[in-house]
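S.K.: Letter by letter, the chains look like this.
There are 2 protein chains.
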Amino acid sequence: MKSCGIVAEYDPFHNGHRYHLKKARESSQSDCLVVVMSGNFLQRGEPAILDKWQRTKAALENGADLVVELPFAFAVQSADYFAKGSIQLLQALGCTDLCFGTDADPAPDYSAFAAFYKQNEKKIESKFLELKNNGMNYPQQMATVFRELYPDLDIDFSSPNHILAMSYAKETSKYNEPMRLLPVSRSGSQYHDRSFSKNQEIASATAVRKAVFQNDFDLIKNSLPDRSYADLKQNYLVRWEDHWPFLKYQLLSSSATALKKIYQMTEGLEQRMMSAAKQAGSFQEFIGTVKTKRYTWVRLSRLSAYVLNQITSEEILAVRDKPYIRILGFNAVGQLYLNQQKKIIKYPLISNINKKNQALVKLDIKAGEVYQLASEKIVIQDLTRSPIKN
Amino acid sequence: MKSCGIVAEYDPFHNGHRYHLKKARESSQSDCLVVVMSGNFLQRGEPAILDKWQRTKAALENGADLVVELPFAFAVQSADYFAKGSIQLLQALGCTDLCFGTDADPAPDYSAFAAFYKQNEKKIESKFLELKNNGMNYPQQMATVFRELYPDLDIDFSSPNHILAMSYAKETSKYNEPMRLLPVSRSGSQYHDRSFSKNQEIASATAVRKAVFQNDFDLIKNSLPDRSYADLKQNYLVRWEDHWPFLKYQLLSSSATALKKIYQMTEGLEQRMMSAAKQAGSFQEFIGTVKTKRYTWVRLSRLSAYVLNQITSEEILAVRDKPYIRILGFNAVGQLYLNQQKKIIKYPLISNINKKNQALVKLDIKAGEVYQLASEKIVIQDLTRSPIKN
Numbered sequence: 071m072k073s074c075g076i077v078a079e080y081d082p083f084h085n086g087h088r089y090h091l092k093k094a095r096e097s098s099q100s101d102c103l104v105v106v107m108s109g110n111f112l113q114r115g116e117p118a119i120l121d122k123w124q125r126t127k128a129a130l131e132n133g134a135d136l137v138v139e140l141p142f143a144f145a146v147q148s149a150d151y152f153a154k155g156s157i158q159l160l161q162a163l164g165c166t167d168l169c170f171g172t173d174a175d176p177a178p179d180y181s182a183f184a185a186f187y188k189q190n191e192k193k194i195e196s197k198f199l200e201l202k203n204n205g206m207n208y209p210q211q212m213a214t215v216f217r218e219l220y221p222d223l224d225i226d227f228s229s230p231n232h233i234l235a236m237s238y239a240k241e242t243s244k245y246n247e248p249m250r251l252l253p254v255s256r257s258g259s260q261y262h263d264r265s266f267s268k269n270q271e272i273a274s275a276t277a278v279r280k281a282v283f284q285n286d287f288d289l290i291k292n293s294l295p296d297r298s299y300a301d302l303k304q305n306y307l308v309r310w311e312d313h314w315p316f317l318k319y320q321l322l323s324s325s326a327t328a329l330k331k332i333y334q335m336t337e338g339l340e341q342r343m344m345s346a347a348k349q350a351g352s353f354q355e356f357i358g359t360v361k362t363k364r365y366t367w368v369r370l371s372r373l374s375a376y377v378l379n380q381i382t383s384e385e386i387l388a389v390r391d392k393p394y395i396r397i398l399g400f401n402a403v404g405q406l407y408l409n410q411q412k413k414i415i416k417y418p419l420i421s422n423i424n425k426k427n428q429a430l431v432k433l434d435i436k437a438g439e440v441y442q443l444a445s446e447k448i449v450i451q452d453l454t455r456s457p458i459k460n
Numbered sequence: 071m072k073s074c075g076i077v078a079e080y081d082p083f084h085n086g087h088r089y090h091l092k093k094a095r096e097s098s099q100s101d102c103l104v105v106v107m108s109g110n111f112l113q114r115g116e117p118a119i120l121d122k123w124q125r126t127k128a129a130l131e132n133g134a135d136l137v138v139e140l141p142f143a144f145a146v147q148s149a150d151y152f153a154k155g156s157i158q159l160l161q162a163l164g165c166t167d168l169c170f171g172t173d174a175d176p177a178p179d180y181s182a183f184a185a186f187y188k189q190n191e192k193k194i195e196s197k198f199l200e201l202k203n204n205g206m207n208y209p210q211q212m213a214t215v216f217r218e219l220y221p222d223l224d225i226d227f228s229s230p231n232h233i234l235a236m237s238y239a240k241e242t243s244k245y246n247e248p249m250r251l252l253p254v255s256r257s258g259s260q261y262h263d264r265s266f267s268k269n270q271e272i273a274s275a276t277a278v279r280k281a282v283f284q285n286d287f288d289l290i291k292n293s294l295p296d297r298s299y300a301d302l303k304q305n306y307l308v309r310w311e312d313h314w315p316f317l318k319y320q321l322l323s324s325s326a327t328a329l330k331k332i333y334q335m336t337e338g339l340e341q342r343m344m345s346a347a348k349q350a351g352s353f354q355e356f357i358g359t360v361k362t363k364r365y366t367w368v369r370l371s372r373l374s375a376y377v378l379n380q381i382t383s384e385e386i387l388a389v390r391d392k393p394y395i396r397i398l399g400f401n402a403v404g405q406l407y408l409n410q411q412k413k414i415i416k417y418p419l420i421s422n423i424n425k426k427n428q429a430l431v432k433l434d435i436k437a438g439e440v441y442q443l444a445s446e447k448i449v450i451q452d453l454t455r456s457p458i459k460n
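Chains as they are written, first to last, in my numbering: chain A, 71 to 460; chain S, 71 to 460.
None of these hints come from the bench; they were simulated from the model. We put the CB at the ideal spot given by N, CA and C, even for glycine. Certain hints may be false.
Stated by the list, open to error - Listed next, with one range per pair, are the computed distances between beta-carbon atoms:
(1) A:T327 with S:K447: 27 to 37 Å
(2) S:K459 with A:S345: 22 to 32 Å
(3) S:Q341 with A:N422: 51 to 61 Å
What the hints assert, rightly or not - Heads up, simulated DMTMM-like pairs for lysine to aspartate or glutamate below, C-alpha to C-alpha not over 20 Å straight-line:
(4) S:K348 with A:E191
(5) A:K447 with S:D286
(6) S:K447 with A:D312
(7) S:K331 with A:E385
(8) A:K361 with A:E385
Between the sequences and the hints, there should be enough to build the whole structure, so can you do that?
M.R.: Structure follows, in structure tokens:
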């Protein structure tokens, strides 16, 4: 069986994602579509609008064959580690192709970029090291490095999806058997589009979340598969503001010494955050106060997610040292594929959490318990859950 | 000017407290009644029903001349440290008398007990040390020690007020100029009385809280001075359940290593608490699950208050090493008394919090900020507050 990998967040799952899965199957000619999906906290440092099980179900009903969780330790990260973790899992699962969205039409030549990267890896990495701690964010660093080393590269570094796509290309090129890169041009909506018109079949997740939180379900009905529409209408929708009282409390009650131990808490940020927490009445207000040119919204949102979940560097490094594959759901094809690959997958495959594997997954379990505090309507996320069978 | 000291919690202030203040003035023939009162968290490990400023106001309007705060580090403690801290502050403030309630009528001879204690201090302390870590709680230890060393002592060790009274007697006897002991027999209500009838002028604080939480204000109208009645009717009333979501979150997100650093977290209790927190839906249920014969409700409630406020042993010891006197309020007499005593008070007197004294009071500031999270209706407790002038 041949499989194609997909990296996703599905926050929430919409028609654009369904289109992407359809294109992935067509272009890869794969039997099995394997999705590695962020769990309950996302790359931009926010809790997911629906929990990981609801999002898994929507994906399985709309084209995915197997969904595994991108652990918190990789998911809530800037593009480099996010890509490193996702590609690591897809490579381990034996995917031969990788299908991802791109904002450009036609897509840039990511394969040429990956080849260039592989040939010049040391030079590139040392350029990145030179730029470290100089105040640039990751996209700015990428732009600086490649404008110098690869001036012909025609890529818009300001687009988060380009950055992710390039990071995937770069990561898979490091493996002995890299995945074939299959970019799909997004049709109909740009990532950051916040508005769209009624009856539009493809809208960005940002636009969908905005409409949902404004309770404008009419507007998005045509942009969502039935499952997502029903889930968004019926279930509790999580946002940062639900966890804000807990983040505030943590920042009020923790010592500066304890906060300094939080992953990526650097350069006196703990003092800025502690003092902003005392005044702020909402998460929006809090980040607005802490934000500077150097510390972007997304970086601070991720740091807030680390504080909320009390995550230390050791906990992140433990997952990097001992990766695992947590299975969230599959259909008959996905199950067949898993059975076929089982013997060659070098990381522990986790279907149900038990005493033996609990230590590996403990950061995700903790994040699930914290996620659950957003509302009593959110059910238990990990300890007693089994993969969804579609 | 002559002054009489009183140790109190006023949770809430009721007619029994007014009666006590009246008796204190009569029996001591003092010009100034000095109250040392627990702040926003109390001896039994609970948040106070009304904040420390509201309780101070009620005390000043009903007989007290000066109210100072018993710091969290002394207030949320078993009888021994609670008494040690209160007596330390009253002695430092120059009180020559100490007036306290007793459940017995006539009162036991506390002075004889104090004298006996002073004469046999080493013997008594070594007996206590022998009993340490044997699973007895403090009242049981007291009963065991004194039944052996002082069999004539006719005191009911099961009453928390006897235990406190004896602890006061014991503590003041250690000073070169001990305070004169003035016990006042409680008239009309026993400490643990939960019920009382309408028109009863003196009821226990327990009974008042019970009626208030049942919204039965008619029942208690005659048992409360106007200020308390109005405050209880108009203000947000705090209980442990308001802080329960934060305690639960703290226990879910903290590591066992971090919890072990909490003051008085011993013998694997952190594991019991972490696992109970996952299941419990309320503070009542939580303590019910963790409770054993050895770990009483009150001890676990105090431990929960330490966890909620993330308090380490170092923070408690810092206050013991550097005591201070935080002034919550006074009337003209209290102000005159403070001016007279200022020069001989050996601890820093704190009226307003500023950069210079902030470090001393930081545990109380933190506890105030955590207390405030119970409701948006609770106003800022420390940083910008000045003593109440009545």
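S.K.: Straight-line Cα separation of K361 of chain A and E385 of chain A no greater than 20 Å?
M.R.: Judged against 20 Å, a Cα distance of about 26 Å means the pair is violated.
S.K.: Between the beta carbons of Q341 of chain S and N422 of chain A, is the distance compatible with 51 to 61 Å?
M.R.: Hint violated: Cβ distance 23 Å, outside 51 to 61 Å.
S.K.: Regarding K459 of chain S and S345 of chain A, is the given constraint of 22 to 32 Å on their beta-carbon distance met?
M.R.: holds (30 Å)
S.K.: Do the alpha carbons of K447 of chain S and D312 of chain A lie within 20 Å of each other, as the hint requires?
M.R.: holds (19 Å)
S.K.: Hey, K331 of chain S versus E385 of chain A, does the alpha-carbon distance stay inside 20 Å?
M.R.: Holds - the C-alpha atoms of E385 of chain A and K331 of chain S are around 19 Å apart, at most 20 Å.
S.K.: Has the hinted range 27 to 37 Å been met by the Cβ atoms of T327 of chain A and K447 of chain S?
M.R.: holds (32 Å)
S.K.: Would you check the hint for K447 of chain A and D286 of chain S, treating anything up to 20 Å between C-alpha atoms as holding?
M.R.: violated (32 Å)
S.K.: Holds or violated: are the alpha carbons of K348 of chain S and E191 of chain A at most 20 Å from each other?
M.R.: At roughly 47 Å apart (the allowed maximum being 20 Å), E191 of chain A and K348 of chain S break the hint.
Checked against the numbered hints above, the structure breaks hints 3, 4, 5, 8 and satisfies the rest.
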